[in-house]
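Participant: One letter stands for each residue in the lines below.
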Amino acid sequence: MAQLNTVRPKPSFNIFDFLYKYGTILLIFVLIIVFAAANPAFLQTSNIITILRSISIVTIIAIGITISLSVGGFDLSVGSVASLANAVVISMFVWYSQPTLIAIGIAIAAALLVGAFNAFMIVKVKIPDLLMTLATMFIIQGVALTYTRGATVSQNMIMADGSYATGTISSFFAKLGQVPYIIIIMLFTVFIVHIFLTYTKHGRYLYVIGGNQEAARLSGIPVNKYKVIAYLLSAFFAALGGVILASRVMTAEINAGGPYLMDAVAAAFIGFAVLGAGKPNAFGTFVGAVLIGILANGLVMMSVPYYAMDIVKGTVLALALALTYYKLK
Amino acid sequence: MNLQMNNISIDFPGVKALNNAYFEAETGTAHALIGANGAGKSTLMKVLSGVYTHHSGQVYLDGKEVTIRSPRDAQKLGIEIVYQEVDTALVPNLTVGENIVLNELAANKEKSFFMNWKSVNSKATEILSSLHVHLSSHTLVSELTLAEKQMVLIARAVTTDCKFLILDEPTAPLSLSETKELFRIVQELKQKDVGVIFISHRLPELFEICDYITVMRNGAYVIKEAIADTTTKRVVDHMLGEPLEEQFPVRQAQLGEVMFRTKGLSDGGKVKDVTLDVREGEIIGVAGLVGAGKTELCKLLFGATPKKTGEMMLKGKSLTLSNPTDAVVSGIAFVPEERRKEGVLVEETVVTNLSASSMNHFLKFFSFLDFKKERAKAEEMINALGVKTPSTETLVKNLSGGNQQKIAIGKWLISDADLYIFDEPTKGVDVGAKKDIFNLIAGLADRGKSVIYASCELSEVIGITDRVYVIYDGQISKELATTTTNEEELLYLSTGGD
Numbered sequence: 001m002a003q004l005n006t007v008r009p010k011p012s013f014n015i016f017d018f019l020y021k022y023g024t025i026l027l028i029f030v031l032i033i034v035f036a037a038a039n040p041a042f043l044q045t046s047n048i049i050t051i052l053r054s055i056s057i058v059t060i061i062a063i064g065i066t067i068s069l070s071v072g073g074f075d076l077s078v079g080s081v082a083s084l085a086n087a088v089v090i091s092m093f094v095w096y097s098q099p100t101l102i103a104i105g106i107a108i109a110a111a112l113l114v115g116a117f118n119a120f121m122i123v124k125v126k127i128p129d130l131l132m133t134l135a136t137m138f139i140i141q142g143v144a145l146t147y148t149r150g151a152t153v154s155q156n157m158i159m160a161d162g163s164y165a166t167g168t169i170s171s172f173f174a175k176l177g178q179v180p181y182i183i184i185i186m187l188f189t190v191f192i193v194h195i196f197l198t199y200t201k202h203g204r205y206l207y208v209i210g211g212n213q214e215a216a217r218l219s220g221i222p223v224n225k226y227k228v229i230a231y232l233l234s235a236f237f238a239a240l241g242g243v244i245l246a247s248r249v250m251t252a253e254i255n256a257g258g259p260y261l262m263d264a265v266a267a268a269f270i271g272f273a274v275l276g277a278g279k280p281n282a283f284g285t286f287v288g289a290v291l292i293g294i295l296a297n298g299l300v301m302m303s304v305p306y307y308a309m310d311i312v313k314g315t316v317l318a319l320a321l322a323l324t325y326y327k328l329k
Numbered sequence: 001m002n003l004q005m006n007n008i009s010i011d012f013p014g015v016k017a018l019n020n021a022y023f024e025a026e027t028g029t030a031h032a033l034i035g036a037n038g039a040g041k042s043t044l045m046k047v048l049s050g051v052y053t054h055h056s057g058q059v060y061l062d063g064k065e066v067t068i069r070s071p072r073d074a075q076k077l078g079i080e081i082v083y084q085e086v087d088t089a090l091v092p093n094l095t096v097g098e099n100i101v102l103n104e105l106a107a108n109k110e111k112s113f114f115m116n117w118k119s120v121n122s123k124a125t126e127i128l129s130s131l132h133v134h135l136s137s138h139t140l141v142s143e144l145t146l147a148e149k150q151m152v153l154i155a156r157a158v159t160t161d162c163k164f165l166i167l168d169e170p171t172a173p174l175s176l177s178e179t180k181e182l183f184r185i186v187q188e189l190k191q192k193d194v195g196v197i198f199i200s201h202r203l204p205e206l207f208e209i210c211d212y213i214t215v216m217r218n219g220a221y222v223i224k225e226a227i228a229d230t231t232t233k234r235v236v237d238h239m240l241g242e243p244l245e246e247q248f249p250v251r252q253a254q255l256g257e258v259m260f261r262t263k264g265l266s267d268g269g270k271v272k273d274v275t276l277d278v279r280e281g282e283i284i285g286v287a288g289l290v291g292a293g294k295t296e297l298c299k300l301l302f303g304a305t306p307k308k309t310g311e312m313m314l315k316g317k318s319l320t321l322s323n324p325t326d327a328v329v330s331g332i333a334f335v336p337e338e339r340r341k342e343g344v345l346v347e348e349t350v351v352t353n354l355s356a357s358s359m360n361h362f363l364k365f366f367s368f369l370d371f372k373k374e375r376a377k378a379e380e381m382i383n384a385l386g387v388k389t390p391s392t393e394t395l396v397k398n399l400s401g402g403n404q405q406k407i408a409i410g411k412w413l414i415s416d417a418d419l420y421i422f423d424e425p426t427k428g429v430d431v432g433a434k435k436d437i438f439n440l441i442a443g444l445a446d447r448g449k450s451v452i453y454a455s456c457e458l459s460e461v462i463g464i465t466d467r468v469y470v471i472y473d474g475q476i477s478k479e480l481a482t483t484t485t486n487e488e489e490l491l492y493l494s495t496g497g498d
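If you're matching them up, the sequences are chains B and S in order. In terms of UniProt numbering, the first sequence is numbered consecutively and its last residue is 329. In terms of UniProt numbering, the second sequence is numbered consecutively and its last residue is 498.
Keep in mind that the hints were calculated from the coordinates and are not lab data. Hints may be right or wrong, so weigh each one.
[As the list claims (entries may be wrong)] Pulled from the structure, derived: some chain B residues nowhere near chain S, Cβ distances all over 10 Å:
1. 26
2. 30
3. 54
4. 199
5. 253
[As the list claims (entries may be wrong)] With the Cβ distance kept under 7 Å, some of the chain B side facing chain S (calculated, not the full set):
6. 135
7. 201
8. 212
9. 213
10. 249
11. 251
[As the list claims (entries may be wrong)] Here are the computed lysine-lysine pairs in the BS3-like style, where the Cα-Cα straight-line distance is at most 30 Å:
12. 327/B x 341/S
13. 225/B x 373/S
14. 397/S x 21/B
15. 233/S x 16/S
16. 16/S x 224/S
17. 270/S x 201/B
18. 201/B x 341/S
19. 124/B x 270/S
20. 279/B x 341/S
21. 201/B x 16/S
22. 270/S x 279/B
23. 388/S x 225/B
24. 124/B x 373/S
25. 201/B x 327/B
26. 388/S x 327/B
27. 279/B x 224/S
28. 225/B x 317/S
29. 21/B x 373/S
30. 377/S x 225/B
31. 388/S x 21/B
32. 201/B x 180/S
33. 364/S x 201/B
34. 272/S x 126/B
35. 307/S x 279/B
36. 233/S x 124/B
37. 201/B x 233/S
38. 279/B x 364/S
39. 225/B x 307/S
Each residue gets a CB set at the ideal place from its N, CA and C atoms; glycine is no exception.
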């Protein structure tokens with residue numbers, strides 16, 4: 001029996017494998033060509049920067065999801081956590097006149113609490129991750145709403161006692177959400193997490209746990225510790241996304257982070273297949289976000305109404321999932 | 001009614017599981033089917049119950065040849081089987097009553113849209129009381145004990161016109177009183193003219209409950225005898241037959257200090273009051289049959305399941321393990337029985353598997369991995385272990401069982417532990433790889449490591465170990481120097497003899 005397995009796999013060309021590995025990148029080029037043909041303005045530098053800016057927040061949040069996926073988990077609460085971080089950071093400026101670093105620090109601390117709650121319920125109470133983070137998603141959505149009393153938080157807003165809010169948002173903070181900083185932060189995040197997942201012991205452990213939790217445990221890997229770390233990191237990047245969002249819009253709208261969930265999930269799943277990685281990875285997630293960003297931008301240019309955009313994005317997610325799970329078969 | 005199976009042969013990739021096997025039984029009697037691991041008992045019964053259909057040979061009922069091509073065919077002929085894993089056959093969130101009449105519900109003979117609850121419950125209650133089982137048909141199956149679940153399955157089997165009921169290792173998970181209750185039901189079934197076919201490793205209980213015994217060996221029939229005319233000794237002799245030639249390394253054990261010892265160790269479940277010790281350079285065997293508690297003991301020693309009572313000492317120091325990570329840090333390595341589920345990461349590459357337990361050996365600075373060093377070490381291991389793999393980047397799922405096992409062992413050789421625990425290391429491994437594995441284990445002992453070798457392959461235990469603990473029903477029933485014992489005695493002790 002042992003001899004059978006020394007036969008090397010045939011180096012034959014398989015069209016499905018080829019499409020699986022390079023399909024996403026090919027699709028991006030095809031889309032660029034199509035959109036550029038339809039409207040030459042698509043290729044202008046200003047539009048390319050617009051696309052990169054538009055995907056920055058999605059990418060950062062999707063990076064968090066990528067980490068939770070790497071341990072075989074899933075974090076649905078990232079959108080709500082981004083909303084919460086957005087609300088907290090703006091309120092720290094507007095309501096409490098805090099300095100920038102303190103405001104950001106408190107927003108991220110609040111998110112890490114949510115991550116710790118998720119981790120506890122999933123690791124210790126053993127609730128399936130999808131269900132638990134679904135519950136957390138609603139809880140945190142409600143917490144963010146209650147905290148802002150269901151109103152939009154902005155500079156000079158009218159407070160409950162009829163006076164005007166006196167706090168201001170620092171000019172340093174306002175820069176974070178502008179070009180080029182927003183794009184730099186995104187690229188830096190992708191780079192750091194890519195290094196972390198691919199080149200460090202911790203990244204290796206996360207993937208090994210995602211591959212087979214019991215085998216990882218019996219290899220002496222502290223599985224629970226790494227799952228906790230994964231959910232904390234997921235919450236951290238969701239919060240980072242929320243803070244950048246706050247800087248971009250300079251207000252805290254109701255449930256502002258919610259819509260980012262679907263795009264981020266789609267980006268992470270598209271990322272599975274990029275260059276044949278076959279597992280969640282930071283670079284692939286970035287490519288996934290680029291694909292979605294180009295699609296959205298190009299379709300808007302071609303006058304597809306914004307309210308139809310979810311149809312397109314949902315379909316892209318379904319296709320990415322189909323590719324991933326068909327491959328696993 | 002008379003059941004006869006003639007010339008049954010069946011092949012699995014690389015193995016001839018049954019070789020012209022023969023079996024015969026009568027209704028109204030209890031019939032034991034026994035043989036060492038891999039003798040083909042379960043396979044033969046799966047042929048009879050329609051699970052395996054690619055066999056050759058004939059099955060006769062009352063002299064008339066029948067064809068069994070599916071479990072449904074078997075049921076129509078009145079042949080039912082109750083597997084050891086009772087949970088796979090029950091629906092936990094339905095009631096006892098619903099589970100008992102499940103087959104009829106699925107067949108939906110009445111073609112009605114609504115459930116007739118009255119008839120479901122009255123029918124189930126009737127069957128339960130005819131077996132004198134005191135269970136309410138309204139209880140949820142999820143609330144039952146394992147023994148009660150077995151009763152439900154037996155009750156289900158006899159809802160239809162059951163002629164032969166196969167019980168595959170029914171007593172392995174049961175307590176003594178539960179076993180007594182099961183035996184009472186077997187007696188009831190005999191009264192109802194059902195033929196019970198009883199597969200078990202526990203010889204004493206077969207002598208208590210059965211009328212006839214058939215012994216199998218290497219996929220073939222050996223002998224059928226009336227229980228009254230035979231003895232456990234004779235049965236064990238038939239089971240063993242001629243000893244198989246195995247290639248074990250010749251070694252001279254150089255024993256050092258006591259490396260590891262346990263006192264009164266229990267896990268609150270299967271493992272009870274285990275006291276053992278192992279010296280430097282020593283290989284001890286934990287010999288026991290399937291279900292005796294070997295795996296549970298190994299996992300307990302590795303910290304994979306929490307300990308309830310007792311103590312462990314490693315190198316003279318008290319040892320507390322709250323998880324496997326603690327065990328690895330303390331210098332304990334464990335190669336589990338369920339290789340593909342627990343031993344290796346099938347979806348990962350060879351190199352990732354080999355370094356998984358010793359990541360800290362392969363760091364450049366901080367936590368950054370040194371891929372070069374990792375690959376070099378993996379290649380060194382592949383050569384040293386003779387792993388047949390195209391490259392270090394091959395996914396482990398593409399390797400054969402024997403090579404996967406070498407990987408599972410190899411990862412612990414890199415991490416360099418003091419105590420190695422092996423649970424059925426040769427399961428599903430071809431002969432050549434087996435020999436390599438024995439050499440590896442002997443090599444560990446020669447380097448002064450301590451080895452615990454748990455296996456139901458008693459000939460291997462005899463061949464490789466210096467000292468043997470026999471485990472029966474979760475307890476150490478005997479400690480023996482390997483040179484003073486033989487396979488026959490171990491089998492006798494493993495089946496509950498003393």
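Participant: Would you pick out the hints that fail for this structure and give their numbers low to high?
Facilitator: 4, 6, 9, 10, 11, 17, 21, 22, 23, 24, 27, 32, 35, 36 and 37
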